[in-house]
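All chains, please: the whole structure from these sequences, using the hints.
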Amino acid sequence: MKMELSRIATVLNAVGEQTDGRTVTRVQIDSRVVQPGDLFVCLPGERVDGHSFAADAVRKGAVAVLAQRPLPEVDGAPVLLVRDTFKALGDLAVAWRGSVQSRVVAVTGSAGKTTVKELIAQTLAAEMSVAKNHKNLNNQIGLPLSMLAASGEEDVWVMEVGISRQGDMEELAPIASPDLAVIHNIGPAHLEGLGSLRGVAEAKAHLLTSVRRGGAAIVNRDYPELWEAAQRIFPSVRAMSTQNEKAPYFCTYLGPSQQGGVFLLRLEDERLEVDLPFLGAHFAENVVAAASAAYLLGMSAGSIVQALAKAQLPDQRFAAHHLGFGTLIDDTYNANPLSMSRAIQAATELAGNRPLVLVLGDMLELGSEAEAEHVRLGERAAASGCAAVVYRGGFAKAVARGLAQAGFKGRFQEVRAGAELPPVLEDLGLTKEQAGTVILAKGSRSSRMEEFVTALRSSYGSNGGAGQ
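Here full-length UniProt numbering is used: the sequence shown runs in plain steps of one and ends on residue 468.
Worth flagging that the hints you see were computed from the coordinates, not collected in a lab.
Some hints here could point you the wrong way.
Label pairs and their in silico Cβ distance ranges [unchecked claim]: (1) Q259 <-> R213: 27 to 37 Å; (2) Q35 <-> K246: 45 to 55 Å; (3) R59 <-> R354: 55 to 65 Å; (4) G21 <-> R416: 53 to 63 Å.
The calculated lysine-lysine pairs, modelled on DSSO-like cross-linking and capped at a C-alpha distance of 27 Å, are [what the hints assert, rightly or not]: (5) K310 <-> K397; (6) K135 <-> K87; (7) K2 <-> K87; (8) K397 <-> K409; (9) K2 <-> K135; (10) K60 <-> K87; (11) K310 <-> K135; (12) K432 <-> K397; (13) K60 <-> K135.
Each residue gets a CB set at the ideal place from its N, CA and C atoms; glycine is no exception.
Here is the structure:
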């Protein structure tokens, strides 16, 4: 970004010292990475208060400080005072977004937001200049910072929007103010804060209230609650689907390939059979979201397919690694019932007649549904026909109950550390060179399921495979 400090003071209705002649080129909330020309925003937190680091930020070259209380210890740079620095951060992003010509694509959903955001950004980058969120910085802090990090000279900003409670989207949607809104799915995620699947649908669909005049929205019609809410809020919403071939934007998985998977893609009147570096049927939803967004922004179907064929997924998103005895699927970034179910389905398809081991962890933020959802997880695992379920987390008994109810005949093993996994596999005879075992590792972020991936790759070696 590039904005005169005097303009920032006016936009935020801030009070403070003389600001004439100063220009802000970046916005930072971490004093450790401040550089000359930065505006340092003091965000108070439960454990750390940014106000305590303002003086250090100025010593490192911050051109000004944005705070919500006086800072007499700060010398050498103006201190602008506002009532709420969190709100001011969002207001500043709104002002910056309104001052540039870049189009904004806002992406939300319950599972795979970051993957869809990355695929859209990588596809568009084949023909346009693109800015995007770093990793999954998608909340009331991350979204404004991502927008403020853009130069303003890009053709498109692709911004992921994440919510976990009622009211989040009401705060985030006006900040993004998208030209194109993309909602690719909903599922029972963040039920602690959103209450029910209908609550998730209504909250996600609220993004459409902030689509700019003349803008567009594309929503997955395979989710009835979401589609109903989207049509009510934005009557001209366009439909994508992985189930209804009559939808104007459609994708289905045809089967595995040497590169990854073959998909049938429809973009309005164009139908293409494409070979893409993605494993599993659940990626059809990501593909149609990315392809339809790029199509609506003016790319041709041929260019879109060429770009998707070169796409790379974010780390820990169904990445396949070849071990000495089989394949390890690292899907450890996060988990909720929707993403867990799809990952198990995709791993089952990949395994075919080979042994399948599910290494799973807790799914968090499910509120009163947590126990029942973990019982259902056990039932899904049993239905996969897997040889074993290895589990870490507080809901192990619920998962075991689901397995028992579904008549699971394999082995269930509760573990606490990654190092416990190799001996379990060896005891089952699944690490023999010709076993062909497929292992899926997945759980919520706090379950640290990547420890199991590290243990396996350290014990048996690894080479990256399709789906990375």
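Quick check on a hinted range of 45 to 55 Å for Q35 and K246, using CB atoms only. holds (53 Å)
Holds or violated: K310 with K135, Cα cutoff 27 Å? holds (19 Å)
Does K135 sit within 27 Å of K60, going by the straight-line distance between their CA atoms? holds (26 Å)
Could you grab the alpha-carbon distance between K60 and K87 and see if it respects the 27 Å cut-off? At roughly 25 Å apart (the allowed maximum being 27 Å), K87 and K60 satisfy the hint.
Against the 27 Å threshold, does the CA-CA distance of K432 and K397 hold or violate the hint? violated (30 Å)
Does K87 sit within 27 Å of K135, going by the straight-line distance between their CA atoms? holds (22 Å)
Would the hint linking K2 and K87 be met if the CA-CA limit is 27 Å? holds (20 Å)
Take the C-beta atom of Q259 and the C-beta atom of R213, compute their distance, and say whether it sits inside 27 to 37 Å. violated (42 Å)
Between the beta carbons of R59 and R354, is the distance compatible with 55 to 65 Å? About 59 Å separates the Cβ atoms of R59 and R354, which means 55 to 65 Å holds.
With the threshold set at 27 Å, check whether the alpha-carbon distance from K2 to K135 stays at or below it. holds (23 Å)
Assess, step by step, whether the Cα of K310 is no farther than 27 Å from the Cα of K397, and give holds or violated. violated (43 Å)
Can you tell me whether the CB distance of G21 to R416 sits inside 53 to 63 Å? holds (59 Å)
Violated hints, listed in ascending order, are 1, 5 and 12; each of the other numbered hints is respected by the structure.
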